[in-house]
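J.: Below, each chain spelled out in residue letters.
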Amino acid sequence: MTADVLGYDEALAAFDPVLGLEVHVELNTASKMFCGCANAFGGEPNTQTCPVCLGLPGSLPVVNATAIESAIRIGLALNCQIADWCRFARKNYFYPDMTKDFQTSQYDEPIAFDGWVDLDVDGETFRIEIERAHMEEDAGKLVHVGGSTGRIGGAEYSLVDYNRAGTPLVEIVTRPITGTGAKAPQVAKAYVSFLRDLMLSLGVSDVRMEQGSLRCDANVSLMPRGATQFGLRTETKNVNSLRSVERALTYEIQRQAAVLSGGGKVHQETRHWHEDGGYTTPGRSKEQAEDYRYFPEPDLVPVAPSREWVEQLRGTLPELPAVRRARLQGEWGFTDLELQDAVNAGALDVIEATVAAGASAQAARKWWLTELARRANEAGVELGELAITPEQVAQVQALVDAGTVNDKLARQVIEGVLAGEGSPADVVAGRGLAVVSDDGALSAAVDAAIAANPDVAQRIREGKLQAAGALIGAVMKDLRGQADAARVRELVLARLA
Amino acid sequence: MALTAADVARLGELARIRLTDDELAHLAPQLDVILESVASVAAVAAADVPPTSHALPLTNVFRADVVTPSLRAEDVLAAAPAVEDGRFRVPRILAEES
Chain D
1 MTADVLGYDE ALAAFDPVLG LEVHVELNTA SKMFCGCANA FGGEPNTQTC PVCLGLPGSL
61 PVVNATAIES AIRIGLALNC QIADWCRFAR KNYFYPDMTK DFQTSQYDEP IAFDGWVDLD
121 VDGETFRIEI ERAHMEEDAG KLVHVGGSTG RIGGAEYSLV DYNRAGTPLV EIVTRPITGT
181 GAKAPQVAKA YVSFLRDLML SLGVSDVRME QGSLRCDANV SLMPRGATQF GLRTETKNVN
241 SLRSVERALT YEIQRQAAVL SGGGKVHQET RHWHEDGGYT TPGRSKEQAE DYRYFPEPDL
301 VPVAPSREWV EQLRGTLPEL PAVRRARLQG EWGFTDLELQ DAVNAGALDV IEATVAAGAS
361 AQAARKWWLT ELARRANEAG VELGELAITP EQVAQVQALV DAGTVNDKLA RQVIEGVLAG
421 EGSPADVVAG RGLAVVSDDG ALSAAVDAAI AANPDVAQRI REGKLQAAGA LIGAVMKDLR
481 GQADAARVRE LVLARLA
Chain G
1001 MALTAADVAR LGELARIRLT DDELAHLAPQ LDVILESVAS VAAVAAADVP PTSHALPLTN
1061 VFRADVVTPS LRAEDVLAAA PAVEDGRFRV PRILAEES
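The listed protein sequences derive, respectively, from chains D and G. All residue numbers for the first sequence refer to my numbering, where the first residue is 1 and numbers rise by one. All residue numbers for the second sequence refer to my numbering, where the first residue is 1001 and numbers rise by one.
Worth double-checking, as some hints may not be accurate.
Pair ranges (Cβ atoms, derived) [stated by the list, open to error]:
id	chain 1	residue 1	chain 2	residue 2	range
1	D	Gln81	G	Ser1053	18 to 24 Å
2	D	Gly203	G	Ile1093	35 to 41 Å
3	D	Ser261	G	Val1049	36 to 42 Å
4	G	Arg1063	D	Ala227	49 to 55 Å
5	G	Val1049	D	Gly203	42 to 48 Å
No lab work stands behind these hints: they were computed from the structure. None of the values given here were measured: they were computed from a predicted structure. Glycine included, C-beta positions come from ideal geometry on N, C-alpha and C.
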């Protein structure tokens, strides 16, 4: 099944990739786009249907107001213009995933258009231009029976569940993305990841790629380095995770490069990504251009959002991810790398809450990205799911700042909190973890260590200060780690000065 | 611009209507007359008259995002020619792996 591929570096030395990304977002409205059936994933087959979404004669669709609001908010968040007036259109096709034999969509009058987003990939900024974001409805779900692969080709027959038919969708289409070079697959992944974060912060979709509520069709073509005429593109479907966006495009670039280098031609076609094998195969071949015979949907009146409504919706936009990151970086004084680590670890929320609870940004970063990241990783959970609150992490740091515990003891305090032993103060009391800050007890331990190590003490007296480590270690051992090492060092050096 | 038999054949294909050559020869001129009649509207519509898609002077007809009861699955499936596993069973879609 796997086609010939060219090495990635070799492919990029000869060709420039051009990307085009179409992302479908299923909106999380309570009801469907044009009827009151529940918009919910995972119901028993065909239990969420009615005459409208089954396309029965005489039924009439009515637009879901919340879906329009979500579409406008998505458009605004993508820096788009919002149409003064636009219509729905019928996209006619014969396929059993829609009983109506058409999909209600938008054609040349999208509700949002001409937007852009800036993405940061490895310290380089790429501007992605958004051609349009339009409203449409999802289709039913097919299961192909018979044949070896569960795919449509070779199947004996298919089974249809119309629960998903009529689910509100927003399709976001980019203009051709050029100039990404070898980073093309990374840029595509960053874009889809950006949209995922954006939809979450807008609260308009669950954006669960594995459930299909965020889907990406990845178009790519190659042209010789330095050329301006785009090559023929392929459109890869079934790309169901952020990782597979990157993998599928990497594969397609290598496959097309091999075809072109061998003197062949890339066929403009839809291809199907195989996650397990890591390759694409041709899908439905299109012998002639699709002819959907779009025409304005006569059963739905035009949508004409007033400027007042649009501005009111603009006022409901949350702080967008890129703006928030810039603000937090400024407030926290993080380097780019520190911020990126925090973003990658999904730690912005918990660090922000820990800082709000009184810890310094650096202390909050340190705890969440080292000790707590390790424990979350071991437990296979997100940072926010750990059994310790940002307030408790701030309390741990306060104990360190007050000299009550040192870093090593603080890790034991965290362990105690995670084990359900109560607040950090409870753990310190319960486990007897406070450092010995009583100088009398510390002095006695220092004197004992000096007496037990006369050779070391002599070398320190002669000025070999690096030898102090051995005495500090002896004191810390004596006090079972419950001492402030810096204070012990002061006492040792003062005694032997 | 006369509608040819080939145009009508293509439309028949798109509409999944199989037409014989005799039917094409019979239908093409008839459809052509209909198109010409409709096209005469264009002759009187000045540039400032936009094409009409909706007869009603309405915009923004919405419903609140509220769930209403769906049909029962057994009633829905009762209308289907074939049913399996609570789903509509439809004939093979593609003949073979392409």
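J.: Now tell me if each hint is right for this structure.
T.: Here is how each hint holds up against the structure:
no.	hint	result
1	D:Gln81 / G:Ser1053: 18 to 24 Å	holds (22 Å)
2	D:Gly203 / G:Ile1093: 35 to 41 Å	holds (37 Å)
3	D:Ser261 / G:Val1049: 36 to 42 Å	violated (56 Å)
4	G:Arg1063 / D:Ala227: 49 to 55 Å	holds (51 Å)
5	G:Val1049 / D:Gly203: 42 to 48 Å	holds (43 Å)
Violated hint for the displayed structure: number 3, the only one.
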